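Following the hints, position chain B against chain A.
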Amino acid sequence: MKILTSIFLFFIGFSFSFSQQEPEPNLQESILKGEEIYSDFCVTCHRKKGKGFASVFPPLAKSDYLLNNRTESIKAIVYGLQGEIIVNGKAYNNTMPSQGLEPEEVADVMNYILNTWGNTSNKMVTPEEVSSLIK
Amino acid sequence: MKKSVFYFWLFVVMHNLSIGQPITNKVSEPKSKLFTAMLLVDEIDIPWGVAFMPNGNLLITDKKGELILFRDNKKQKIANVPTVYNRGQGGLLDVALHPNYKENGWIYFSYSSSKGEEKGGHTAILRAKLKDTSLIEKEVLYKATPNTTKGQHFGSRIVFDKEGYLYFSIGERGERDINPQDLYRDGGKIYRLHDDGTIPKDNPFVDEKNAKTAIYSYGHRNPQGLTIHPNTKEIWSHEHGPKGGDEINIIKKGGNYGWPIITYGLNYSGTKISNKTKMKGMEQPLYYWTPSIAPSGMTFVTSDKYPEWKGNLLVGSLKYQYLERLVLKNNNVIYREKILSNLGRVRAVKQAPDGYIYVAVEGKGIYKLNPK
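Protein sequences, first through last, are from chains A and B.
So the first sequence is numbered by the numbering used here: it starts at 1 and just counts up by one.
So the second sequence is numbered by the numbering used here: it starts at 1001 and just counts up by one.
FYI, nobody ran anything at the bench for these hints, they're computed from the structure.
Bear in mind that the values here come from a model prediction, so they are computed numbers and not experimental data.
Just so you know, even glycine gets a beta-carbon here, dropped at the ideal spot from N, CA and C.
Errors might be hidden in some of the hints.
[Said to hold, decoys possible] Chain A is nowhere near these chain B residues, computed Cβ spacing over 12 Å in every case: (1) S1028; (2) A1051; (3) G1056; (4) N1073; (5) H1194; (6) G1197; (7) K1233; (8) K1272.
[What the hints assert, rightly or not] Between beta-carbon pairs, the in silico distance windows are: (9) A/K51 / B/E1118: 32 to 38 Å; (10) A/K123 / B/Y1268: 25 to 31 Å; (11) B/K1253 / A/K62: 49 to 55 Å; (12) A/I134 / B/I1178: 30 to 36 Å; (13) A/S121 / B/E1118: 32 to 38 Å; (14) A/Y79 / B/P1230: 38 to 44 Å; (15) B/K1272 / A/N88: 31 to 37 Å; (16) B/H1229 / A/N122: 56 to 62 Å; (17) A/G118 / B/Q1076: 44 to 50 Å; (18) A/I134 / B/D1304: 50 to 56 Å; (19) A/T71 / B/E1043: 24 to 30 Å; (20) B/N1331 / A/K51: 35 to 41 Å.
Extracted from the complex, chain A is given alone in its bound form (with noise of 0.2 Å):
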């Protein structure tokens, strides 16, 4: 019996690692298409690798902003950004305009920047969430 249960418990932490290390599918789509509407809207600013530029423009790659305001995060995105934010330790002071994107691109982009460059995050943004933030 014991030694069943550990088979038992053996295989769900299996299962367990192995989903936490493969995104589940509609997450996967989500990221890719988050990712053109990046390289569409972004990227001349925040820059491929997510680093962004200089004390201009923010990073996204391991920027402790974005991880741990997920939903001011999202909100920047839908209403734009302004006013001095600090990111990682450094004070950004600029103007981000509101990028006019529907609340599923939004989610796109979202998970896409929140899962790529080192980023990871355990919960899938959906659109549902971004439309109960809008006003």
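Showing chain B alone in chain A's frame:
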């Protein structure tokens, strides 16, 4: 061995001379500060364009779709502005007065518009008059087609030449392989119209069947600087290139500026777009910026208020957040200088009829440069 090194050196030197671009792309700090920057109009998100009215008032576009009249040191929001397709780089973009504004009252606007059958938007040109605090008599003079949901490259600078022709730019809308080289499609072009929107009979492609006959030059990526040279009266333009390929061009009637067949830039990822930087039948830039500065807005300094700058070209940099002063000699850039460093992204620069330079900075507003 030494000989081969010498020949290599000679080759490099000759090569650099032959493409007419200085070997270094140095941009200098100013030796002395000749002005103070006064924030004249504050708190504007993205001041995209600015026009100066004969009574001293300013008209300022804010990208998000607002038009602001600045008079008696107060901002007044203008009603009945065109509805903009607010997506990506689109919005309410440039504003310019008719050269005979005093007599006819026409004001010209560029903006992204979703008018038309397809989903998305494209650049439109509209004229209207200002009555009290509202726009009236709105007329759409040009609307590029087809709409697209892409967020990039609306172009949109407007300028009038001395003969009263209306010129404006439309970028390639993120379709570099489809639009810029195709005379039957909008985008990646500089256009010329009469002030009422009709097409001049001597436009370069009027005899080309089914071509967009408003086209004046083509093969552009995203021109957001357009001005008239004070002496030669030629149209000068600059455009956002890809990575390391921003250009200054003198616009010739019917000219092909090469995008994306020839370019000095690379994709944002660093991969090549083209192996060619020049080709027969395509115009060479007067200058190209490597690295890119993301140029927006441009003006020549002609007034006596800044004697040290007379004849220089001023260009805004969105990427490096400064105003660039370029000294020219025989149509070569011989010196570059950063001014107004770190105020913010410089979106537009103009010399007003009063002779002063005004600079539009994102997140701030309109600065006036007061000479010391």
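- [ ] Go through the numbered hints given earlier and state which of them the structure violates, listing their numbers in rising order.
- [x] Checked against the structure, no hint fails, so every one of them is satisfied.
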